[in-house]
Amino acid sequence: MAFPRPFAFVLPLIGILIVVAGFALRLNPLLVVAVAAIATGLAAGHAILDVIAAFGKAFIDSRSVAVVWLALPVIGLLERVGLKERARTVISSIHVATTGRLLLAYLALRQITAALGLTSLGGHAQMVRPLVAPMAEAAAEAKWGEPSERVRRRIRANAAAVDNIGVFFGEDIFIAIGSILLIRSFLDQSGFHVEPAQLAVWAIPTAVCAFVIHGIRLLLLDRSLRAEIAREREVAG
Amino acid sequence: MITLEFVYVLMGLMFAGIAIVNLRDRSSAKRYVNGAFWALYAITFLVGTHLPNLVNGLLVIAMVVVMAIGKLGGAPAEETTREEREVSAARWGNRLFVPALAIPAVTLLGTLTFKYLHVGATPLVDPKQITIISLGIATVVALVVGMLMLRPPPSAPIVETRRLMDAVSWAAVLPQMLAALGTIFALAGVGPIVAGIIQRWIPLDTAFAVVATYAIGMALFTIIMGNAFAAFPVMTAGIGLPLIVQRFGGDVIVMAAVGMVSGFCGTLMTPMAANFNIVPAALLDLPDQNAVIKVQIPTGILLLAANVLIMYLFVFRA
Numbered sequence: 113m114a115f116p117r118p119f120a121f122v123l124p125l126i127g128i129l130i131v132v133a134g135f136a137l138r139l140n141p142l143l144v145v146a147v148a149a150i151a152t153g154l155a156a157g158h159a160i161l162d163v164i165a166a167f168g169k170a171f172i173d174s175r176s177v178a179v180v181w182l183a184l185p186v187i188g189l190l191e192r193v194g195l196k197e198r199a200r201t202v203i204s205s206i207h208v209a210t211t212g213r214l215l216l217a218y219l220a221l222r223q224i225t226a227a228l229g230l231t232s233l234g235g236h237a238q239m240v241r242p243l244v245a246p247m248a249e250a251a252a253e254a255k256w257g258e259p260s261e262r263v264r265r266r267i268r269a270n271a272a273a274v275d276n277i278g279v280f281f282g283e284d285i286f287i288a289i290g291s292i293l294l295i296r297s298f299l300d301q302s303g304f305h306v307e308p309a310q311l312a313v314w315a316i317p318t319a320v321c322a323f324v325i326h327g328i329r330l331l332l333l334d335r336s337l338r339a340e341i342a343r344e345r346e347v348a349g
Numbered sequence: 660m661i662t663l664e665f666v667y668v669l670m671g672l673m674f675a676g677i678a679i680v681n682l683r684d685r686s687s688a689k690r691y692v693n694g695a696f697w698a699l700y701a702i703t704f705l706v707g708t709h710l711p712n713l714v715n716g717l718l719v720i721a722m723v724v725v726m727a728i729g730k731l732g733g734a735p736a737e738e739t740t741r742e743e744r745e746v747s748a749a750r751w752g753n754r755l756f757v758p759a760l761a762i763p764a765v766t767l768l769g770t771l772t773f774k775y776l777h778v779g780a781t782p783l784v785d786p787k788q789i790t791i792i793s794l795g796i797a798t799v800v801a802l803v804v805g806m807l808m809l810r811p812p813p814s815a816p817i818v819e820t821r822r823l824m825d826a827v828s829w830a831a832v833l834p835q836m837l838a839a840l841g842t843i844f845a846l847a848g849v850g851p852i853v854a855g856i857i858q859r860w861i862p863l864d865t866a867f868a869v870v871a872t873y874a875i876g877m878a879l880f881t882i883i884m885g886n887a888f889a890a891f892p893v894m895t896a897g898i899g900l901p902l903i904v905q906r907f908g909g910d911v912i913v914m915a916a917v918g919m920v921s922g923f924c925g926t927l928m929t930p931m932a933a934n935f936n937i938v939p940a941a942l943l944d945l946p947d948q949n950a951v952i953k954v955q956i957p958t959g960i961l962l963l964a965a966n967v968l969i970m971y972l973f974v975f976r977a
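Protein chains in written order, with the numbering used here: chain A, 113 to 349; chain Y, 660 to 977.
These aren't lab readings, by the way, just hints derived from the structure by calculation.
In this text the structure is predicted, and so the values were computed from the model without any measurement.
Glycine is no exception: its CB is placed at the ideal position from the N, C-alpha and C atoms.
Be aware that one or more of the hints could be misleading.
Said to hold, decoys possible - Partial list, computed: chain A residues near chain Y (C-beta under 10 Å):
#1 135
#2 141
#3 158
#4 165
#5 166
#6 173
#7 186
#8 193
#9 236
#10 238
#11 269
#12 284
#13 302
#14 319
Build the full structure now, drawing on both the sequences and the hints.
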């Protein structure tokens, strides 16, 4: 091959380059990922049909990540008869509720339940879209007045982020979660025997830091949202 | 025994239903494109287990081609108006939460009890997949409760599912595509190449430099791969074990536990972790697909810095 020999070993990294460029240029991610996968396989010297077959097998093997979509029939059905509207009414009647405090409470709930192994108690399709996001929007509306669509989007993005941060930095405290089992089996193969409980204990300092850091940001979010809504009202006259 | 296959058939039927609703929707200009996309996806669930790998790979490529050439259409308007929903919300009150909360409640119940249920000598539910199967069963239970309570037209659930899925659109498939990309990366040996480059180009003479490189490397490699699980073996075999543990005498438990959560900081900051970051943007009608990532980046960076400190303070004294 004409490629200079000392650098030929980096050829399989072409997939990373394609992904980074594709996301930076805002091309459709599905297309970018498919092209990157095939390019990587070819660059590593595999035949194209083998690459497609390996890609198909991996796609089929990971179907379980899509299982959350099964929640949509019932969520759609409930949205049709006013689930989001009801969630808003409930929050508007709790007078101490603000967007930041509500999300802080959800962060604590999500971290604690995930630490007990109950990672399936949250989720974007099951909890955030039908309940947490409408409640967070309603809290802002009740406290500071009707927010613009731009502010509403910011609140919804924050609701999704809290779900992620809560589960990521809670689940590792549970001894039977996938990441702990992965660490344990990898270290076993490398000749180190460790107990899951020891690993779980050392996930606690980070979990506490995550709660403190993101908790402070959520309380600051309240101040920022209030100011933003007030500014929008002034502009609107 | 109930296995994952049962959940996959349920999903296949749901996606087939979405395809049919699309195909029958004369008001949609994209009825055939969307219909074909969801029909192909349905096939991977209904019979994917029994098809040769190459056929499955071609099905996935066909989905990408349909999407890229046909351009998927967005969601149709809601079936009910906001006023109608306000009235109905007032009528049903907090009972509306019952089917919604039945999903986590039944999932939890299943996770806790299915392992004790047997039919003869075989377990009722595949013990290795209890959580996912419980979630699948919980959605069915919740739907039955919702239908009995609300008594909507029988087509309502699938019509609503089509509305929500067409809003999420191609992003629904992205997590699986990225998982498949990760497998191809592993096949091509991308991990060892990256670890080799780090070892060759970064000076690793002090304990702090090694700890910082390992933790930040976990986050960066997770950003590239979209998954801390893929980054962990590579970074730990390349930097963690030989340098932190063997050369500087660090504790393997602290290193591994804090190393993994350093990877999770990377997960917060990457579009490659699509199911956590891109899918919710689509699901919450956010026009900026990176909106959730932008919220998470400050927390990700601060928490990564905290992890470097935690590891440095404790890994050499445990």
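Hints and how they fare:
1. 135: holds (5 Å)
2. 141: holds (6 Å)
3. 158: OK, holds: residue 158(A) within 10 Å of chain Y, min 7 Å.
4. 165: holds (4 Å)
5. 166: holds (6 Å)
6. 173: holds (8 Å)
7. 186: holds (4 Å)
8. 193: holds (5 Å)
9. 236: For residue 236(A), the interface hint holds, since the closest Cβ of chain Y sits about 4 Å away, which is under 10 Å.
10. 238: holds (5 Å)
11. 269: Holds. Min distance 4 Å.
12. 284: holds (6 Å)
13. 302: At about 6 Å, which falls below the 10 Å cut-off, the nearest Cβ of chain Y leaves the hint on residue 302(A) intact, so it holds.
14. 319: holds (8 Å)
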